[in-house]
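Spelled out, the chains give:
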Amino acid sequence: MLATSADFKDNSTRALQDKGLHKALQAARVALPAKRAAAVANLPEFEQLRDIGRDIKNHTLAHLDFYLETWERNVLNAGGHVHWASTADDARAAVLAICQRVGARTVTKGKSMVSEELAINEHLEKHGITPIETDLGEYILQIRNEPPSHIIGPAFHLNREDWEESFRKVHTQLPADRVFAERRDIMSEARTLLREKFLAADVGITGANFLIAETGSSVIVTNEGNGDLTQTLPRVHIVLASIEKVVPTLEDATNMLRLLARSATGQDMSVYTTFSTGGRRPNDLDGPEEYHVVVVDNGRSAMIGTEFQDMLRCIRCAACMNHCPVYTTVGGHSYGWVYPGPMGSVLTPMLIGVDKAGNLPNASTFCGKCESVCPVKIPLPKMMRHWREREFERHLQPMAVRTNLALWAWVAQRPALYRLATRIAAKALKLLAGKNGKFTTLPLASGWTAGRDLPAPEGDTFFARYAAQQRNQA
Amino acid sequence: MTQTASRPRVALFVTCLVDLHRPSVGFAAIQLLEAAGCQVEVPRAQTCCGQPAYNSGDRATATAMARAIIDAFAGYDYVVVPSGSCGGMLSSHMPHLFDDDPNTRARAQALADKTHELVSFLTDIRGMTEVAASFDGTVTYHDSCAGLRELGIKTQPRELLASVSGLTLVEMTDPEICCGFGGTFCVKYPDISTRMVSDKTADIAATGAGTLLAGDMGCLLNMAGRLSREGSPVQVRHVAEVLANMTNDLPAIGQVRP
Chain A
1 MLATSADFKD NSTRALQDKG LHKALQAARV ALPAKRAAAV ANLPEFEQLR
51 DIGRDIKNHT LAHLDFYLET WERNVLNAGG HVHWASTADD ARAAVLAICQ
101 RVGARTVTKG KSMVSEELAI NEHLEKHGIT PIETDLGEYI LQIRNEPPSH
151 IIGPAFHLNR EDWEESFRKV HTQLPADRVF AERRDIMSEA RTLLREKFLA
201 ADVGITGANF LIAETGSSVI VTNEGNGDLT QTLPRVHIVL ASIEKVVPTL
251 EDATNMLRLL ARSATGQDMS VYTTFSTGGR RPNDLDGPEE YHVVVVDNGR
301 SAMIGTEFQD MLRCIRCAAC MNHCPVYTTV GGHSYGWVYP GPMGSVLTPM
351 LIGVDKAGNL PNASTFCGKC ESVCPVKIPL PKMMRHWRER EFERHLQPMA
401 VRTNLALWAW VAQRPALYRL ATRIAAKALK LLAGKNGKFT TLPLASGWTA
451 GRDLPAPEGD TFFARYAAQQ RNQA
Chain B
475 MTQTASRPRV ALFVTCLVDL HRPSVGFAAI QLLEAAGCQV EVPRAQTCCG
525 QPAYNSGDRA TATAMARAII DAFAGYDYVV VPSGSCGGML SSHMPHLFDD
575 DPNTRARAQA LADKTHELVS FLTDIRGMTE VAASFDGTVT YHDSCAGLRE
625 LGIKTQPREL LASVSGLTLV EMTDPEICCG FGGTFCVKYP DISTRMVSDK
675 TADIAATGAG TLLAGDMGCL LNMAGRLSRE GSPVQVRHVA EVLANMTNDL
725 PAIGQVRP
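One line per chain: the protein sequences are A and B, in this order.
In terms of the working numbering, the first sequence opens at residue 1 and continues consecutively.
In terms of the working numbering, the second sequence opens at residue 475 and continues consecutively.
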């Protein structure tokens, strides 16, 4: 996927003018936080669970090599195959090699953000293999040729009318007078059409919410059951998982699952939670003949031991973006790559370079809402600030910003000079504003005054008035 | 230390926006602190808490400014700040600037431990439960992000406002969502910031309140500026002005005495 994160400002300006997007975001920004809040209120130990989740992830990351090797051994014992991929290229090559070896023509896919990161679909298409997205949201995006705008609700930016329009345009074999009154009608049409694709697919690709070291299992959660059909019906199941998905034990996985759905959608549990351990065994009635896991690093191991290590705790629940006032104002596409919102603003600069994604960690008010709802307590604002520090060190910010900051800092570190400068500024602004008490335009402050007036100050600084008061009292 | 148990020595951290834009908030703070039995001093060497540098990634400048603040505010019993944002900078962030300098880290932590936002200091530390003030009208209260999420300020201003005679508080649908100020965010991303503050002013308008209150000048200037641009009649004030009973003599933010 071509990154447009560097154009975040232009992307967001376009997004702000998109009325349909605004409608979709306005509905979600109220509904999703309310659902999470209700789910959290129903589980008194939720706050303790967040600490447990954080500790499980921290412990695993501190011993990542041990748990990955344990997990690999148990996958092999269960008859599965493990492919280690340090780069996106390695991962794409591993997936393609499996598909080509079994002569795959069509591949069904469950929803997987790492597959978006790797641009697996484009790679398969280039080699004559047809990928079919089976998650309802991903399915419509494939029809519309759009990337996901949200990590769990890929079509977050669309309204029901958009779905209906796209389905009518593409499903021309169905009666034109059919009615789409509800989400259920859309779901049922997609289900009917996808059924034959599930049965015909040679390979099924899913992501993994967790890998479990002690059993060698992969876990996926879905609400539509599409993931189960993707991973059990074709001859070959390929799991795409990044290295930080591993947890030590089944019990750890269940603790994480208790956090995941509540944080994501406000459900106690997702509708389907499926554990896969190896392929079909001799007496099994169904399941794939081959079970492969492609384990992707793609820049993540470089985060270990740095100020960004905590980001590897992320379980991709999307609570941070659901609650982010910036994300719910500009939508996911503005962020310009696979991972939007606060978690994307930390992760994207790591994966594609801060020179290409430097806008993202700056596009935050540091309101702290994301950190307050994160199920594994990732200090997201702190890490966005770390990215700003790296940009500052590398002189990546605009010259004007650096100059203004340097000038301000020089004055602010000289209190006597600062007293004089602020006093002149306060008096001048008061005088210039006159009877209006405000500025509707002001040179050098057009960013502020484009959408707001600038209220004029009272007229003299606190320190000048305080000094005068002290003199009078003396 | 010159502390006497009954009359602690409190240093006021004025904040740069109160100093420059709304000095009356500083005087309101002094008045409230004195009413709470404190002896108030204003160290001359202070300018700004350093957040513009800290949040722009200029850690060296933020650290240098922090050292000056640690020196200027040593020796007081408490440091009180009429802002959750600057208060949070001193009490939550500043010690971490010295994580690899144990001596300064300890001094920074000592400062952090005695620093409080104004309204929460009055209620939580000084046990104030009411103020001698009156305000004839309906107000709504915006919870500024840093005060709310870094310092846990939510009930304290509401508790004191409830004691103001004649005042009625009406809550917004979402008083806790960010107003879009965000320090340099509002000038770096003015389009997004304007949309965010417009969502906020719509929520404010829907309450029917005649006055908007909050505890942070940055948020207040942002919301006041947007309300003014929209031609809204809603008046905007720092909560300390109401608690210190100053509203009869002091025009609202951006208003001029007739």
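Keep in mind that the hints were calculated from the coordinates and are not lab data.
Check each hint, because a few of them may be wrong.
To be verified - Dumping the calculated EDC-like pairs for lysine to aspartate or glutamate here, alpha-carbon to alpha-carbon at most 16 Å:
| id | chain 1 | residue 1 | chain 2 | residue 2 |
| --- | --- | --- | --- | --- |
| 1 | A | Lys430 | A | Glu391 |
| 2 | B | Lys628 | B | Glu650 |
| 3 | B | Lys588 | B | Glu650 |
| 4 | B | Lys662 | A | Asp10 |
| 5 | A | Lys382 | A | Glu371 |
| 6 | A | Lys382 | B | Asp545 |
| 7 | A | Lys19 | B | Asp673 |
| 8 | A | Lys377 | A | Glu47 |
| 9 | A | Lys126 | A | Asp65 |
| 10 | A | Lys377 | A | Asp55 |
| 11 | A | Lys19 | A | Asp162 |
| 12 | A | Lys23 | B | Asp551 |
| 13 | A | Lys169 | A | Glu189 |
| 14 | B | Lys662 | A | Asp7 |
| 15 | A | Lys377 | A | Asp10 |
| 16 | A | Lys23 | A | Glu196 |
| 17 | A | Lys382 | A | Glu307 |
| 18 | A | Lys9 | B | Asp665 |
Stated by the list, open to error - Away from chain A, derived, C-beta distances all over 10 Å, residues of chain B:
| id | residue |
| --- | --- |
| 19 | Arg481 |
| 20 | Val488 |
| 21 | Asp493 |
| 22 | Ser498 |
| 23 | Gln520 |
| 24 | Gly524 |
| 25 | Ala584 |
| 26 | Thr597 |
| 27 | Arg600 |
| 28 | Gly611 |
| 29 | Arg632 |
| 30 | Ser637 |
| 31 | Gly654 |
| 32 | Ser667 |
| 33 | Asn696 |
The model shown is predicted, which means the values in this text are computed figures rather than measured ones.
Glycine included, each C-beta is placed from N, C-alpha and C at the ideal position.
### Message
Taking the earlier hints as the rules, which of them does this structure contradict?
### Response
Of the numbered hints given earlier, those the structure breaks are 1, 3, 6, 9, 12, 15, 16, 20, 21, 22, 23, 24, 31, 32 and 33, listed in rising order.
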